[in-house]
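**Student:** The chain contents come next:
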Amino acid sequence: MAFVQQGENRFIVPIGPQHPALKEPGHFEFVVDGEIVTGASVRLGFVHRGIEKGAEDRTWTQNLYLMERICGICSHIHATAFVQGVEKLAGVEAPPRARAIREIFAELERIHSHMLWLGVAAHEGGFDALFMYSWRDREVVMDILEMLSGNRVNYSANLLGGVKYDITPEMIDKVREGLNYLEERLDHYLDVVNTDETFIARTRGIGKMTREQAQLLGAVGPTARASNFAYDVRVDAPYAAYAEFPVEMVVAEEGDLHARFVVRILETVESIRVLRRIFDNMPESELVARVPRRIPAGETISRVEAPRGELFYFIASNGGEKPERVKVRTPSLCNWGTVITLAVGHKLADMPMILAGIDPCFSCNDRLVMVKRNHQDPQLWTWADLRNYGIEYYR
Amino acid sequence: MNMTLHPLIVLLFFPGGLFLLASGLIFQWADRKLVARFQNRVGPRFLQPLADVLKLLAKEEVIPAGVHRGLFIALPVIALAAALTAALYVPMFGIQPFFSFQGDLIVTIYLLSALTITLGLAGANSVTRFSLVGATRTLTQLFSYEAPFLLAMIGPALVAQSWQIGKINELLSGTTWLIIGQPIGFLVALVGLMGKLELPPFDAPEAETEIVAGALTEYSGRGFALFRLGKDIELVIGLTLVAAFYLGGIANPLEFILKTGALLLVTAMLQTAFARLRIDQTVGLWWRAGALLGLVQILAILVGIYIRQSWL
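Heads up: the sequence lines are chains A and B, in that order. The numbering of the first sequence is our numbering, which starts it at 1 and goes up by one. The numbering of the second sequence is our numbering, which starts it at 1 and goes up by one.
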């Protein structure tokens, strides 16, 4: 339980790891002076699952399913990043139609992720009507994804060297219908976000981040683009079919919460536009290219644009059936620094919205973190060191 | 409508006591259902509020460490008692209030504020940070809406030349609805009521995404149920007062249901339409807009009365 610390002048309001504002575990401590926040700290690591280590024990194909389960919202993009890295190592290129289908799933996923975020962020600001309506409309894209893949969350569309299933013209017709409805609704939400007085009072000028700050703190994705930092992997280093069907980058000048709302809604609209373009010119080809069971030895980096920003994979192979090392760096991890920095000086009431403003995803950014104060070299630990550390820790 | 009943029946069953509790639960249900429908949700079943209360009453009451035990137990009782007492002076269900004296309007408003003060005390009593922040916000909000709300209640009293709720209600029945003559007063009264009840968008004192449940974070069982009931009854009383003063009085049960129901519909719409205001925004809104508008309304009424008296 959170008691007031006696004898100290600091009044700390804890948020998490169990808190109504956060649906996932993370711990934040806000030092407040009245309602004004004067300091903030973050502690992660409540749901570390050891997926990177687990990947070293599974074959390349098995890992496909493991990677998809890193994140429950952007599952497809994780598998895509992994698959593209492996294909690069194997020297195989996926057929054009497969790459187009990968982009279709990635953009549908972006729509559902951004609409989910819109609802959550509105709820943090106490605007439950927008929350309920955006989640109702999100069901449309969820139904589309279910129709295409049979699943609402883990679509399992990727295979090494291609995709698992085709998208038929009948399916495309249904998807178009859904997209038309969504576009109409998103226009309405953009209108709400731009005109609702109470909503603007809660978002405009709150959590303002300059372009320099965004660069310095290493922000990625819509969070950075809302601060006029024009960087999008889809545009700057096209993968899948983004070279054939490019997206337009959405940036905003203001850098406040309001800009983050606008950027994400406009990005969703842009996703709908690019989806229509793909449907108009679906390339014809087979769906899978052959990938050897053993991947040639080597190292590679694979970058994709997840809904939350740049997703980065490092994959090393020793020429065997299993990867030597898979390292994942998720976008949320890059954005935490901005929350801690921006929180200071704002009111306690703004904290949930600033937190939600980066669209945080907790379980995908939990890593093994080593904090050792008295140790000589924090990078290099021998087995005896680790054993001793464990014994001391639980003594 | 006038009825003669034994005082004990009045206090324990009708229209006080049990009947009041039941109507509080029904109004809570209607409020939740309406908001849910506006938000495209299904909303609770009819017996849900009753089930909530029964469940809470059956639960073990945990008294956290570091609180004043007596206060912790007594505050919910005082809150509910204040709400129940306030109802006696108000024409509930369109029946003339059974207890009435010159000046009971002020007593009623005082009793309604007592409920909010107990909330603030309950928060300040526990040592949890969420409760303390919630208590601060509750009391800050009390100081911001109370004056405009009082001004909005004085307007009709001035028109009726009485400080007796029953008499004001009687005088205003059948005449032109005051909402036409004093639209500003009506608006301030209704929105002030929402601030009093901590309904969205004035729910900063119990903003769940920031401070969990605000002042009531440490309350779980019986105490929480009593506070909840007190607030429900305050909702009924508040709606009745506004309907009696501004919607042409309440003369019979049918008028009571129609008029308070219409007001509830409006408050539910207002609850849905806005994002939560920060506490500093709430205070700013009330003192910059609410209080000034209320004063302008009172001035207009006084000038009107003066002109009428000097000309006739």
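Keep in mind that the hints were calculated from the coordinates and are not lab data. The reader is advised that the hints may include incorrect statements.
[Said to hold, decoys possible] The following label-pair restraints were derived from C-beta to C-beta distances: (1) A/HIS48 <-> B/MET269: 56 to 62 Å; (2) A/GLU146 <-> B/SER220: 36 to 42 Å; (3) B/SER220 <-> A/GLY205: 49 to 55 Å; (4) A/THR195 <-> B/VAL42: 42 to 48 Å; (5) A/GLU177 <-> B/GLY43: 41 to 47 Å; (6) A/ASP33 <-> B/GLY66: 44 to 50 Å; (7) A/ALA316 <-> B/VAL62: 28 to 34 Å; (8) B/PRO44 <-> A/ALA316: 33 to 39 Å; (9) A/ARG211 <-> B/GLY43: 26 to 32 Å; (10) B/LEU258 <-> A/ARG136: 29 to 35 Å; (11) B/GLY66 <-> A/GLN18: 17 to 23 Å.
Note that the Cβ used here is the ideal one computed from N, Cα and C, for glycine as well.
**Student:** A separate judgement is required for each hint: does it hold in the structure or not?
**Tutor:** Checked hints:
For A/HIS48 and B/MET269, the hinted distance range of 56 to 62 Å is not satisfied, since their beta carbons lie about 46 Å from each other. Under the hint 36 to 42 Å, the C-beta atoms of A/GLU146 and B/SER220, about 40 Å apart, fit the expected range. Our hint of 49 to 55 Å for B/SER220 and A/GLY205 is violated, since their Cβ atoms are close to 39 Å apart. Checked against the given bound of 42 to 48 Å, the beta carbons of A/THR195 and B/VAL42, roughly 29 Å apart, lie outside it.
For the pair A/GLU177 and B/GLY43, the supplied restraint of 41 to 47 Å is violated, since their beta-carbon distance comes to about 29 Å. Taking the beta carbon of each, A/ASP33 and B/GLY66 are about 23 Å apart, not inside 44 to 50 Å as hinted. For A/ALA316 paired with B/VAL62, a C-beta distance near 53 Å fails the hint of 28 to 34 Å. About 55 Å separates the C-beta atoms of B/PRO44 and A/ALA316, a value inconsistent with the hinted range of 33 to 39 Å.
Range check, A/ARG211 to B/GLY43: about 45 Å between beta-carbon atoms, so the 26 to 32 Å window is missed. Separation of B/LEU258 from A/ARG136 is about 32 Å and conforms to the stated range, judged on CB atoms against 29 to 35 Å. Look at B/GLY66 against A/GLN18: about 21 Å separates their beta carbons, and that is inside 17 to 23 Å.
When the structure is compared with the earlier hints, violations turn up for hints 1, 3, 4, 5, 6, 7, 8 and 9 and for no others.
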